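**Student:** Chains as they are written, first to last, in this note's numbering: chain L, 1288 to 1515; chain S, 474 to 702; chain W, 219 to 426; chain Z, 33 to 71.
Don't take every hint at face value.
Stated by the list, open to error - Subject to a maximum C-alpha distance of 16 Å in a straight line, what follows is the list of computed EDC-like cross-link-like pairs (lysine to aspartate or glutamate):
1) Lys563/S to Asp304/W
2) Lys1511/L to Glu68/Z
3) Lys1359/L to Glu1425/L
4) Lys1290/L to Glu37/Z
5) Lys555/S to Glu309/W
6) Lys1511/L to Glu1425/L
7) Lys563/S to Asp702/S
8) Lys492/S to Glu309/W
9) Lys1290/L to Glu68/Z
10) Lys555/S to Asp304/W
11) Lys1511/L to Glu70/Z
12) Lys359/W to Glu346/W
13) Lys1359/L to Asp1424/L
14) Lys555/S to Glu494/S
15) Lys1359/L to Glu1426/L
16) Lys492/S to Glu310/W
17) Lys1359/L to Asp702/S
18) Lys359/W to Glu379/W
19) Lys359/W to Glu296/W
20) Lys563/S to Glu296/W
21) Lys1290/L to Glu69/Z
22) Lys359/W to Asp385/W
23) Lys359/W to Glu310/W
24) Lys563/S to Glu309/W
25) Lys555/S to Glu310/W
26) Lys359/W to Asp304/W
Stated by the list, open to error - Label-pair distances were calculated between CB atoms; the ranges are:
27) Val45/Z to Ala672/S: 52 to 60 Å
28) Ala44/Z to Arg1476/L: 17 to 25 Å
29) Pro303/W to Asp528/S: 57 to 65 Å
30) Val1352/L to Ala420/W: 39 to 47 Å
31) Leu495/S to Val1352/L: 37 to 45 Å
32) Gly52/Z to Thr1295/L: 19 to 27 Å
I should point out that these hints are in silico values taken from the structure, not numbers from a laboratory. Bear in mind that the values here come from a model prediction, so they are computed numbers and not experimental data. Every residue, glycine too, gets a C-beta built ideally from N, C-alpha and C.
Residues per chain, in single letters:
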Amino acid sequence: MTKTALRTSLPWLLGVWMVLVTLGAFFYAPSAEGFKGESARIVFFHVPQAWVAVLAFCVNLVASVRYLRRRKALDDARAAAAARLGLVFSVLATVTGSLFANVMWNSFWNWDPREVSIAILLLIYAAYFALREAVVDEERRATLSAAYAVLAFVTMPFLIFVVPRIYWSLHPDTIIGATGKLKLEMESRMLQVLLGSLVGFTGLFVWLYTLDVRLARVRLARQKREEG
Amino acid sequence: MRASTLLSESLAVLAKELKSELRSRVALNAVGLFGLTTLIAVAYQIGPYQIQEQDRPHLLSALLWVILFFAATSGLSRVFVKEEDAHTAKTLRLAARPVAVLAGKFLFNLLLLAALYTFIVPLYCALMGYSVKGVPSLALVLAAGAIALSATSTIVAAIIARASGATTLFAILSVPLVLPLLVMLIQGTRAAAASAALAAVLPALRGIVSLGGATLIVSVYLFPVVWHD
Amino acid sequence: MSGVSVEFARVSKRFGSRTVLASVSGTLESGQVLVVAGPNGSGKSTLLNILAGVLRPSRGEVTYRGGDGPVPRARWFERLGMAAPDMSVYEELSALENLHFFARLRGLAVADAVLRDLLVNLGLPAREQTRLVGTYSSGMKQRVKLAQAVLHEPPVLMLDEPSSNLDAAGHEAVAGLVARFRPRAAVAVATNDPREIAWGDARIDLAL
Amino acid sequence: MPGSESLVWVAAVTIVIWLGIFAYCMALDRRVRRLEEEQ
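Build out the structure end to end from the sequences listed, making use of the hints.
**Tutor:** Now the structure itself:
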C-alpha cells in the first residue's frame, strides 16, 4: 500500500463510512425516550462537530507554538488551516445545538452550559481571524495570531470547567451534562453510531486539513522558487 | 554588568506612564467618562425600584460588571497603541528589556482599573440601591478582578497595537478571553453582596486568581515574542 | 564597554513578494564608520533595523561579537544606540525627562548635569531642555533623539539619516558626535547626504 | 425500528448533502494533486 494508493483510497472509504453513519443514525439506532419525536438523532451530528471544533483548536495551538519556536511559514499555514476548519465546525456545532434546543425546549438558546463553551470557542475563532485580517505583514500576522492562540488556550480550562459549573446552577434541569456527553443512558447501538460518527467527522477534518496544508506547501514552494 | 534590577526598570516605565497620562489624561477621561455615562444611563433606565426582589442579586452584580468591563476596554489598550502611534515604540524597544515594559504597562493598567473601580462601584451601589453585606470580600473580588483583567488587557493590547483598527480589534480579541473571568467576577460579587463571610467569595476568588495568574505567566513568555518582531 | 563588531552575512529581506534586500554582507568594525548609501526605498533603513535586531531577516545571519564571544540577540540593545526617522521620543515629557527615563531603563544612574551637557553639545540650549518635547521644532526633536542614542556610550552606534531636519549647526553637532564615537565604537550611518557619506571609512551601496 | 415516512426523507436529504460535500472535496483533492505534480 504505497502512500499515494493510501491517499486515493482513504477518501472513498470516508465517503462510504459517512453514508453508513447517516443510515445508522436514522435507522440503526433506536429512538431515545424522553425526547420529542426523533429530535435526539441530531446528537449524532452535533457532538462530533463540537468535538472537531475543540480538536481543531488543539491542532491550531500546537502549530502556533511550533511557529513561535521555529518561525517556519508552514507552521503558520497549519495553524490557519486548523483555525479555518475550527471556525466552520464550531458554527455547525452552535447551529445544530440551537436547533436541538429549539425542538426540545422551544427556545433557540437556553444557556445550556456546553453550548456556552462552544459559542465562546466560536468567538475565539472569530477574534483570531479578525486579528489575521488586520495585520498586513505576513511574519507579524503569523507571530501575533500564534500568540493569541496560546493566550486563548490558557482560558480554555476555565471555559470548560468554570462556566458550565456556574451555568449549571442557573439551569439544573438541562439533561446535557457539563462533561459534554449526553446524560441519557446510551444504548449500545446509539453509542456505536455516535462513535462511528466521531471517527467519520474526525476523518473529514483530517482530510480537509491535509488538503489545506498541501495547498499551502505548494504555494510556499512556488514563492520560494520566485524568490530564489 | 546590569546595575539595575527588573523592578527599577519596570517602575521607570510605570513612572513614565503615570507622568504622561496625568499630563494628557486621555485614558483617564475615556475610562472615567465612559463608566460614568453608562452608569447614569443604566441607573436612569432601571433604577433601584423596577427590578423584582428575587432578580436583584444577580442582575445588579451582572450590570455592574458590564459597565466596568466596557468602561475599561475604552482605555486599557492605550498603553501600547499610543506607543505605536507616536513612533516611540521602537525607541522603547531599543532601550528596555521586554519584561520591564510588560510589567510597567501592566501596573499602569492595574492602577487605571483600581481608579475606575473606586470611582464607579460606590456610585453604582448608591444609585442602584445595591446593598453589599460583605464589603471587604467585595474589595477582594474587585482587587483580584483588576489584576486578572489588567493581565489579559495588557497582553491583548500588545498584540493589537501594530494591527490596523487597533481599538475595535482590542474589544473583539479581549471579549472571549474575559468572558470566563466576568462570569466568575459576577458570581463573586453576588456572593460578597449576599453575605459578610469571607468564605462566600472563596470559590470565585480561587478561579479569578488562578486565571489571572495563568494569564500573567503566559504573558511573560508571549510578550517578548509579540513586542519584538 | 569593550569593543563590539557586528558581522552580517547574506542578509535578505522580503515583504510579501517585494525583495527589499538581496543578500547583503559586511561588518561593522569597532573604530570605523560604515556608510550605507542608496536611493530611497533601496533598503537602507531595513538593513539598519535588521542589524539593530528590531526586524528579522528573511535570510542571512547577524552576529554581535563582543569581548567574550557572540552576544545573544535579546541583549544587542544594551550595546546599541540608534536614531532613526521612525524613532521618536515622548512628546509629553521634557527633553531631560526623556533622557532620565531612557537612562533609568538602561540601568544607568546618569547625573542631571551630564545629560544637560550632552544636550547642550548637541545644540539644545539649557532653557529649552525643561520644556515639553511636544513644543519643540523638528530640529530640536532630532537633537533629543540623537542624545538618547548616545547617553549610554554604546559600543555600536547606528544613525539613520542623522542630519534630517537639522540646520548647519545641527549637522556640525552630528559630525562632532560621529568623530567622538569613531575611535572606540562601530558606527553605521544610512544616508544620501554627500556631507555624511564623506564620513565613511567603508561603504555599502544598495541599489533599488 | 422507526421507519416513519419523514425519517426516511430526512436521512435521504442528509446523505445527498454529504455526497455533495464529498464530491466537492474529491475535486479539491484532484486539483491539489495536479498542483503538486506541477511543482
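**Student:** Hint by hint, which ones does this structure get wrong, listed from lowest number up?
**Tutor:** Numbers 4, 19, in rising order.
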